[in-house]
Structure formats: C-alpha cells, structure tokens
Amino acid sequence: MTRPTNSYQLANAARLTALTLCHTKNASHIGGAYSVVDILAVLYMHILNINPRKPDDSRRDRLFYSKGHASAILYAVLDEMGFLEGYDLKSDFTKDGSFFTSHVNHKVPGVEFSTGSLGHALGVACGSALGGARFNLERSTYAILSDGELNEGSNWEAIMFAAHHNLHRLTLIIDYNKIQSFGRVEEVMQLEPLAEKFTVFGWHALEVDGHDHEALHQALLLKNRDQQRPTVIVAHTIKGKGVSFMEDSLAWHYKSPNLEQFEQAQRELQGVKTL
Amino acid sequence: MRNSFIDTLCEIAEADERLFLLCGDLGYNVLEKFADKFPQRFVNVGIAEQNMMQVASGLALDGYTVFTYSIGNFATLRCMEQIRYDICYHNLNVKVIAVGAGYAYGPLGASHHTTEDLAMLRSIPNMVVATPGDPLEVKAITRALARHPGPGYIRLNKAGERTVHTSLPNICSIGASFSINSGRHVAILAAGAMLIPANDYIQRQILPWSLLSFPFVSHLDKQALKSIVETHSFVITVEEHQLNGGFGSAVVEALSDMYAAGEIPRMPRVKRIGIPNQFLAICGTQEFLREVAGITFEGADKYVVVSP
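Quick note, the sequences are listed as chains A and B, same order. Position one of the first sequence corresponds to residue 1 (the numbering used here), numbered consecutively onward. Position one of the second sequence corresponds to residue 1 (the numbering used here), numbered consecutively onward.
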C-alpha cells in the first residue's frame, strides 16, 4: 500500500475508502465522516506524536475521538497511516465477528477509546490530560467532538473541569458542520455564540475553516497554544464535504450511497488534485 | 464504615503512588486525611458525577488505580452509562465507592435511598460488586479491590457501625464469603450492613442457625452455597435493597443454575428479605425505614419450615 505523503492525499484517500465502506457495507454517517476528515488528516500527518508500529507507546499523544458514529473515516485514516497492517479493513468493516464496529472500537489498533454514546470522550480526555499535568508528562491530549453532542450536559461538566485545572495541553476540536441527527443545529439547540461560550468558560478559543489544512495546521501547532488554558478549535465544516450531492445535507447523516451515487462520488473525489 | 474505608485507602496510597482519589464534592470530615496527605492524587471534580467517571477513566487508561467517592445514587445511577461503557467495557481500574447504602441516609428522603444499585451494577460485565457487612469487611474488601486490576464497586453503609467479625477477614480471592455462625437447618445469608442485625437476631433468639456474610453480590461464593445446601434445608437472604434483582435474586439464580447443572441435589426453600419493590416517601431513621419496608426478621422462627 502506498502511503500518502501529505495531508491532502491522506484526506482524499480516506474519503475514497470511507465511500467504499459505506457503499459496500450499507453503512451510515458518511456526511459526518467527510466533515471531520480534514481535521483528522492534519492531526495524523503533522501533529500527533504517534507510531503506527507502537500504537500503545506510553509516550504517545492521545486522541479521544468522540464522533464514534463517524468510524469509517477514522479507520480509513488509521489504515492509510499504517496502523492496520495485517487487517483487511474493506472486508472486515462491520463484518460478523470483526472488531471494526460501526461505532469506533478501542480493540482496533490506534483507537484510544471506544465511543458511540455521545458526551463521554471529552471528560476522559480531561482525565488523561490531568494525569499528564500532575506528573509533568510532555504529551498532548486531543479530543474531537461533533457539534450536536454539545447538547450533552456531561460535556459542559468536562468543559468547566478542563478550565478549572488549567489543562493547557488539552486541545478540543469541534467539527462544527451545523447539522445534527434530526435537524440543523440552529433549529434543534442553538450553540452560538460558540467560541464565546468557551472563552467565558475559561478556554482559549480559535475559529478556523475546518477544511483548510494550512489554517488547521497553524491552529494546532504547539507554539501557538495558550500556556495556561485549554484550547478549543471551533472548526467550521460542511457535512458531506467533497461530494457535491452530499454537502450540507441532513439525509447523508443516514444514507449509504447506492451504486450510481458511489460511482459519481468516486469520480468527483478522484478528480481532486492532492499535490 | 466510611472511616474504615478512608483509613485503609490512606494506608494503600502510602505504598502505591499510582492510587488516585476523586470525589464529587462530598466527603466532608472523611476524605480530608487523604486530600491533605496526597494532594497530587486527590481531585474534587465538583458536583459532576458523569465527568467524575470520565476523568477516572482517563486516569485509569494511564495505569492509575482510581477510586471515586460520592453518595449512593449519585455515585452510581447518575452516571450509570459512564460506569457501563467507559469503565466496564474498557475494563478499567476504577473503583466506585458509594456511601449511604439502603436507608443509611433515611431521613434525607427517597433521593438518598440507595436501593437499586446492586441490581443495576451486578448486571454489568467486568464489575465486581461488593457490599461489606461491617468495618472489618470494609478494610479487607478495600484492600482486595485495590489489588484487583479491574472495575469495582464498594457499597458503604455510613459511620459508627459495630463490628461483627472478631478479626480481619481473609479475602484470598474476589467472591469470598465469611461464616459468622455455624449452625444447622437454617442459614441466613446477609449482604452488607444487614449482617449486623442478622447477627443480633440469632444471638438474641439463641437460634442454632448458620449466619454467613456474602459481600460479593456479583461474584457469589458458589462453593459456600453448595456446602450450605448440603447441610441446611432453609435459606434466608437479607439485604437493604429492592428484592427485584438484588442479592436474594442473585442467590436464587445461582442455586437454580447449580440445581439445573446437577451440582446440588435439591433446591432449598429460600425466603428473601428485602424491600418489596417500593419507594418510601416518609421520614425515618435507618432502623425505622427498614421495619416499614419489611426488612426484618420478625417471626422468622415461625415461618421457617425445616425439612427433616
């Protein structure tokens, strides 16, 4: 398998893999997969201190992926990065007896924590960051949340906790695609002013275009991180980004592409220039 | 019990620097000795039990042994999904400590009546559910669970309980039970602090009955159950918990399974004493509410039918 050499290649390859997985396995959540993939690509290509050959290395950075439903894209990224040597993701995804469940599973190499029930991973990331802070460990902790799951009260418990304990090595990235499970965020439960909410809760808040790799990279660099407060990156994204007929559509939270849709999406993605 | 717990935890923390204690803004006059001695390993996470379990999970992923402390329902029911999914599914080294078992906080009302926790927690895989019967069992169980590298639950009564054991009980493995009195025909199996009134009852009545403490509700001592059935025809289970799904249910399930598998020759008669699946919306001390709920041995010597 040829490994991607830059984050654009990684994101594009992962989009194509996730497309195949959702089509062949009749799986949902491709919309949320495509909104978060550029964030994952920049993290895995440029930011995370991890080693695919030693996924359990105790010094590794920790990424807690709360968007457990958008599993196909995380598995696809891990596969591109070399974590899944010896596994056949395209065959094993959601297959009877395999651990590639359609909500992420910590049995998969490189997956830090199983998620699927929303509102858990940020608090777990807080515990991880607290342990690191109390014992002066150098590592960084990241959490990726969807926007809709900010409805969960447990997240706000964790948001207060992180600021109170000055967990400055914790970075939260919100995949703000503006659509949740049964409607638009602004209709279901208004989040705005989102960055401001974090600021008044004691966080260092940034807003970026969540599909602009350069902007994401800059926002995630250690040197640009606040030295006292935890950082949140509100990443403005588009659900279904990269495939014209999937973009900004609630339906693609659920639908899996049929053959015609699969072929059209594949043509669009294969036409993307990745340098 | 809570003092026995914290004293034991401080002893363990002295020797094990990977032990953490989190609390949900409760533990006044109890946890200070730990917090003062080990400030780096103590966190009051605030009144946020879901996050307490999440933070505990994050710490445990790094190899820490994490104890969490709060009052009964807040430590358990409020954050049941975090216990199930974050702690138990990942098989993490987190021990949930709940104070205020059953009606221990009786006068505070139904919000503080911890009467469904055993049933809920014993249904979750990987969870070791322990309900110690006296302060010495608290000490032994705290030590045993600190050594056990997976999820655990300790249900504490409150403070000031008498001891039933005359020396520290020996727990060689999770799932131990303890014989308090060796008799015949009738065996009382007690879970948690009901051990104390059960012991008082057989002493007062001068009954030649057996009394055993079964603190591990999720991991019943099957060998002891087998021996009991061989030498007793009537079993009384007692718990300060709803009868639906609690300790008595666990005993009956185990006996039924053993009988079906041919491991015991017959089923004993089993009388379960507990709360008959109801809430109490009245004031009362722990003793009073136990009586009202029907957790009493009153008349037990009459209803017991001993087969020859």
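Hints are computed from structural coordinates only; laboratory data are not their basis. For glycine and all other residues, C-beta sits at the position ideal for the given N, C-alpha and C. Don't take every hint at face value.
Stated by the list, open to error - For the chain A half of the interface with chain B, some residues (derived, Cβ under 7 Å), not all of them:
#1 A27
#2 S128
#3 G131
#4 A133
#5 N136
#6 R139
#7 N151
#8 S154
#9 E157
#10 A163
#11 F245
#12 Y254
Here is how each hint holds up against the structure:
1. A27: Given a least distance of 21 Å, the restraint on A27/A is violated.
2. S128: 4 Å, holds
3. G131: 5 Å, holds
4. A133: For A133/A, the interface hint is violated, since the closest Cβ of chain B sits about 10 Å away, which is over 7 Å.
5. N136: Since chain B brings no Cβ nearer than about 11 Å to N136/A, farther than 7 Å, the hint is violated.
6. R139: Violated - the Cβ of R139/A stays beyond 7 Å from chain B, reaching only about 10 Å at its closest.
7. N151: 14 Å, violated
8. S154: 4 Å, holds
9. E157: 4 Å, holds
10. A163: 12 Å, violated
11. F245: 35 Å, violated
12. Y254: 23 Å, violated
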